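Colleague: Read off the chains here:
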Amino acid sequence: MTENFVTIRNLHFYYRDHVIFDGVDLDIPRGKITAIMGPSGTGKTTLLRLIGAQLTPDQGSVDVDGQAIHHLSRSALYQARRKMGMLFQSGALFTNLSVFDNVAFPIREHYRLPESMIYTLVLLKLEAVGLRGARHLMPSELSGGMARRVALARALALDPQLIMYDEPFTGQDPITMGVLVKLIKTINNTLGTTSIIVSHDVPETASIADYIYLLADGKVIGHGSPETLQQSSAENVNQFLKGLPDGPVPFNYPCNTLTDDLFEEDRP
Amino acid sequence: MIGFIARLGTAGIHVCEAIGRSGWLLVRSIIRKPNFRHGFPALIEQIYSEGVLSLVIILVSGLFIGMVVSLQGYNVLEKFGTTPALGQLLALSITRELGPVVSAILFAGRAGSALTAEIGLMKATDQLSSMEMMAVDPLHRVIAPRFWGGFFSVPILATIFTTIAIYGGYLVGVHWLGVDNGAFWSGMQSNVDFRIDIVNGIIKSIVFGFAITWIAIFQGYDCVPTAEGISRATTRTVVYSSLVILGLDFVLTAMMMGGW
Amino acid sequence: MGKQRYTDFIVGLFMMAGIAAFVFLAIKVSGLTTFSESGTYRVKAAFTNIGDLKVRAPVTIAGVKIGRVTAIDLNPQDFKAVITMEIDNASDHIPTDSTANIFTAGLLGANYISIAPGFDETFLKNGGEIENTNQALILQNLIGQLLFSLKNPDKNTKESS
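Chains as they are written, first to last, in this note's numbering: chain U, 1 to 268; chain H, 1001 to 1260; chain D, 2001 to 2161.
It should be emphasised that the hints constitute simulated quantities derived from the structure, not laboratory data. If you're wondering where the values come from, they're calculated on a predicted model, not measured in any experiment. Idealized CB from N, CA, C, for every residue including glycine. Treat the hints with care, as some may be off.
Simulated coverage check for chain U against chain H, where a stretch passes if three residues somewhere in it have a Cβ under 8 Å from a Cβ of chain H [claimed, not checked]: (1) 75-81; (2) 89-103.
Derived, one-sided and incomplete: chain D residues facing chain H with beta-carbon distance under 10 Å [what the hints assert, rightly or not]: (3) Asp2008; (4) Ser2030; (5) Arg2056; (6) Tyr2112.
Isolated chain U, as found in the complex (with noise of 0.2 Å):
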């Protein structure tokens, strides 16, 4: 058993032109909170999908406890996949499917059990997440924090071994990020999971990463506990962490100056 559940080594990654990863170097201990985080558009998203193998990295590799998740044949890739849950931004709730059945879902494609056995299941996940009372509803008729939990409650029903959460605060009120927050902590603590936050919500991120790794411009600019970071002096650390407007990450789309486009010969 390794020490590391995911171990990320020389990650390439390009998106038709654009690069995405440009050599990154990443391990997530077992066990822990490891957030990632870093400015819109980094690929945070993207680096998520490589760990569940729905991408395919152009360089480089990605272990996954211990087995190169890119080189499995596809029916070990599907077990692989059974130890990992995935909270959507959205949520990605089946919206014809009522929130018993959305997280009976991958426990009934999986196992063949008594539908009375898949009941105690799908009521104690839903406990987990303070939604069991919400088990008839459909999911049009969630909130977009109650839908999350009942994505996590869903990503939980197969008792993974890691549980990635793509921007799970992105877009909720103080009370729900806050439920979100205590959520991710108790299961991580209650079950032991590891876990993997990609979010640029810096405060409730800090509460409760074991460990920060900052993304730009397809890099790790910095990585360290949450309090070893706020005190880095690098600039571009410092720009994200603070929200300062300008700084290395320019304030202005990269361009020509304003005098050149006011001046321009082809200006309407």
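Starting from the structure of chain U, add chains H and D where the hints point.
Modeller: For chains H and D alone, kept in the frame of chain U given last:
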């Protein structure tokens, strides 16, 4: 000029790529050993939402098409004094062409567009990705039942359409315009051949069902996952399906007439 | 699960409707097995010209369908068309001296066989033959004769007088 040729070439490459991708999608979705425990209930559900829910539009349009063919046919035949041939005219035009073609086009508009929109929306809201992360292959769980549902529904709908259209034509011809009942049916029976007319009509509708559902699932699965992308994909499903139906109809008719 | 049962039931009905429609098309529209129930017997008749009579054309008595044509062959000796027809067992009292005519439904419609019953006491049996036949009225021949008589009115009147 060179730019134009280059653009034409690019378009051609895109078309070839799309055909390749759609073929690959179809192969990956349907070639596998069947899973009765999950597959069968999913198939029933899809036959319900694609076939049964299309029944109303099929019944109503079938009835009216039969009625109008009967009315038009009667007016022409009357000039030659051969109104008893109405049954034959009605049955041949409907079993050979109108039944399979019109029901397939209606199916493309009613169910094919819904298929594309549903799959596209599932893609846009990450439902397909999340299924993949739950170690469930969406091609088997989502795409395959939808494909087979359409594939089985279209011939059934076309058969029902043909029957109801002939009944509509019978109502107008015999009960309203007063064509002789016996001549109507016996003219039909002596001129409609089971193998050449009825079975070939059903073969056509099977081919159309295959084509429509293939186009619909591919457009849904391949769409740009935005509101605009889904609406474009839905439009493309209806347009491409209709064109493919009419084109295939010509090819199939030529093959069938050629003694195939 | 109640919803699932409902869906199954409706889909079952849908498929049964499809099968019923198919059976309707096979029997009522294409006349695939119209006479199989009470059985049939075969009768032959030789015609000098059958026009465009086709296999599966109806055989009628007094306008009522009693059978259909199953085969058309040429007798190489006397160059007559030999029609084999299947007649429903229900009408087994057709006198042997009946006459078989080939008529056209309407002016341009399909040809069919009409049997005009005779007065004989013996009846047609399986494998029997209708001796008296009238050939089909060929429209082209009629028109040809008409045109011919219009072109040569003098000759025509002379001949008739």
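Colleague: Compare the structure with each hint and give your call.
Modeller: Each hint tested on the structure:
1. 75-81: holds (count 3)
2. 89-103: holds (count 6)
3. Asp2008: This interface hint holds because 6 Å falls under the 10 Å limit.
4. Ser2030: holds (4 Å)
5. Arg2056: With Cβ-Cβ at 5 Å, under 10 Å, it holds.
6. Tyr2112: holds (7 Å)
Violation of the numbered hints given earlier is absent; every hint is satisfied by the structure.
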